Amino acid sequence: MTLYLTRLTPHPASRLAQQELGTSTHHGSLHRRVMSLFPDGIPEQARNHFGVLFRVEDTPRGSHLLMQSNQPPAPGRLPARYGTLTTRPLDALLDALKPGHTLHYRCTASPVRKPGHTTRAHYNLPAVVPLNGPAADDWWRRQADNAGLKVLTLHSQPVDAARDRQHPAGTAPADRAKNSNRIHHHRVRFDGTATVTDPDLLRAAVRNGIGRGKAYGCGLLSIAPAPDPA
1 MTLYLTRLTP HPASRLAQQE LGTSTHHGSL HRRVMSLFPD GIPEQARNHF
51 GVLFRVEDTP RGSHLLMQSN QPPAPGRLPA RYGTLTTRPL DALLDALKPG
101 HTLHYRCTAS PVRKPGHTTR AHYNLPAVVP LNGPAADDWW RRQADNAGLK
151 VLTLHSQPVD AARDRQHPAG TAPADRAKNS NRIHHHRVRF DGTATVTDPD
201 LLRAAVRNGI GRGKAYGCGL LSIAPAPDPA
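Read in order, the letters of the sequence shown correspond to residues 1 to 230 in this note's numbering.
Among the hints, a few may not be true.
Unchecked claim - Quick list of the computed label-pair ranges, beta carbon to beta carbon:
1. Leu94 to Ala74: 20 to 26 Å
2. Gly100 to Ser36: 39 to 45 Å
3. Arg61 to His117: 46 to 52 Å
4. Asp138 to Arg81: 42 to 48 Å
5. Asp138 to Ala80: 42 to 48 Å
6. Pro126 to Glu44: 24 to 30 Å
7. Pro227 to His117: 43 to 49 Å
8. Glu44 to Ala135: 30 to 36 Å
9. Lys114 to Arg141: 17 to 23 Å
10. Pro225 to Gln157: 20 to 26 Å
11. Asn132 to Ala80: 39 to 45 Å
Treat the hints as calculated values from the structure; they're not laboratory data.
These numbers come from a predicted model, not from an experiment.
The beta carbon of each residue, even a glycine, is placed where N, CA and C say it ideally should be.
Build the full structure now, drawing on both the sequences and the hints.
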């Protein structure tokens, strides 16, 4: 199955695009914008059906959106003057993966630990514990190993958490404030170089993403060829 990588560059005059790609937005609105670029009529788990993963990239020229999917998004589904889509297939990159190849990688993920009931009770811990610093780096190395990568270099930095409010189906607008669940995904961006140990595992990790919070801008694993170490 072909995978496509799309860059959405917002129009500089579009307040809607700047708002939806901004750090202060609820990430559920960005998820809905992304999914609006694909056909309607998928009753459940549309993100899984279209293999959609995405991430906001902040650059000196402003924010843009990277999106991966198993079919190209439709530019005509964007609001007028919202932005432009540039799409390319990833087949050549993924087919060329071989053991021993060196790659650059980037992934904004949600590194967490889920302690067992006894540990939670003893230390009064929440069900999900966000990881930072060396603990987050160790988490990433384990994820990379499972994804067919041996980490050579690693730089990590925290990014703003993904937040949203989820309302039960059928909730009236007047009741949403009191009948909503807070969504909060702690996020860290991991960059570096790695050696390919298992191309099939790596292709699966690129296709499926890594970790939790994939509907909220987490888990997209980006790779690119790098010079082999001397």
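Right, here's what the structure says about each hint:
For the pair Leu94 and Ala74, the beta carbons lie near 23 Å from each other, so the given range of 20 to 26 Å is met. Against the hinted window of 39 to 45 Å, the Cβ-Cβ separation of Gly100 and Ser36 comes to about 41 Å, which satisfies the hint. With their beta carbons about 48 Å apart, Arg61 and His117 fall inside the hinted range of 46 to 52 Å. Range check, Asp138 to Arg81: about 45 Å between beta-carbon atoms, so the 42 to 48 Å window is met.
The hinted range of 42 to 48 Å is satisfied by Asp138 and Ala80, whose Cβ atoms lie roughly 47 Å apart. In this structure the supplied range 24 to 30 Å holds for Pro126 paired with Glu44, their Cβ-Cβ distance being about 29 Å. About 48 Å separates the C-beta atoms of Pro227 and His117, a value consistent with the hinted range of 43 to 49 Å. About 35 Å separates the C-beta atoms of Glu44 and Ala135, a value consistent with the hinted range of 30 to 36 Å.
Distance hint for Lys114 and Arg141: a CB-CB separation of about 18 Å, consistent with the stated range 17 to 23 Å. Between Pro225 and Gln157 the Cβ separation comes to about 23 Å, which falls inside the hinted range of 20 to 26 Å. Between Asn132 and Ala80 the Cβ separation comes to about 42 Å, which falls inside the hinted range of 39 to 45 Å.
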